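Asker: Sequence:
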Amino acid sequence: SGPLVEAIAGWDVTCCEATQPSDRRQILNYLVNPMGEKNGLVKGADGQLVLEQGWRKLLEDDAKDAKKMRSTGEAEYLHEAELFREHADAFSNLNQMVRNKVKEAICVLETSKTGCRINPIEQR
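In terms of this note's numbering, the sequence shown opens at residue 32 and continues consecutively.
Just so you know, the hints here were simulated from the structure itself, not pulled from any lab data. Given the structure is predicted, the values throughout are model-derived calculations rather than measurements. Do not take every clue at face value.
As the list claims (entries may be wrong) - Below, simulated DMTMM-like cross-link-like pairs (lysine to aspartate or glutamate); rule was C-alpha separation at most 20 Å, straight line:
no., residue 1, residue 2
1, K98, E83
2, K74, D93
3, K69, E83
4, K69, D93
5, K132, D120
6, K69, E91
7, K95, D77
8, K69, E113
To be verified - Label-pair distances were calculated between CB atoms; the ranges are:
no., residue 1, residue 2, range
9, D54, E117, 18 to 28 Å
10, G78, I137, 40 to 50 Å
11, R116, D93, 11 to 21 Å
12, G75, A49, 19 to 29 Å
Ideal Cβ placement from N, Cα and C applies to all residues, glycine included.
Please model the complete structure; the sequences and the hints are all you need to start from.
Answerer: This is the structure in structure tokens:
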């Protein structure tokens, strides 16, 4: 469990990636404000997301913040960089909650290895 505890200590949701930049934006928006899930994504007059080729959501703005780099080595999108600054506490709290849940799960696994005793033998 030591390597897992060390790995999770450095885990940061803001460094996570998604298949599409628009999916990552939607997820990060949702994490800080479920009602703002569509912020920074192209929406039609009806308020629904505009989909390219029937499935791909589009970024409303793809401006980048050269001061903040993503785990991919690319500059972070300005929208996301602002989310991280404005909601630093929310992301920090989420990171800590995930770390705590992983540590709790490790403790459960480590304490359950001993099994239990059932006597008499016939009742096993």
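Asker: It remains to establish, for every hint, whether it holds in the given structure.
Answerer: Hint check:
no., hint, verdict
1, K98 x E83, "violated (30 Å)"
2, K74 x D93, "holds (15 Å)"
3, K69 x E83, "holds (15 Å)"
4, K69 x D93, "holds (15 Å)"
5, K132 x D120, "holds (18 Å)"
6, K69 x E91, "holds (10 Å)"
7, K95 x D77, "violated (28 Å)"
8, K69 x E113, "holds (15 Å)"
9, D54 x E117: 18 to 28 Å, "holds (21 Å)"
10, G78 x I137: 40 to 50 Å, "holds (43 Å)"
11, R116 x D93: 11 to 21 Å, "holds (18 Å)"
12, G75 x A49: 19 to 29 Å, "holds (22 Å)"
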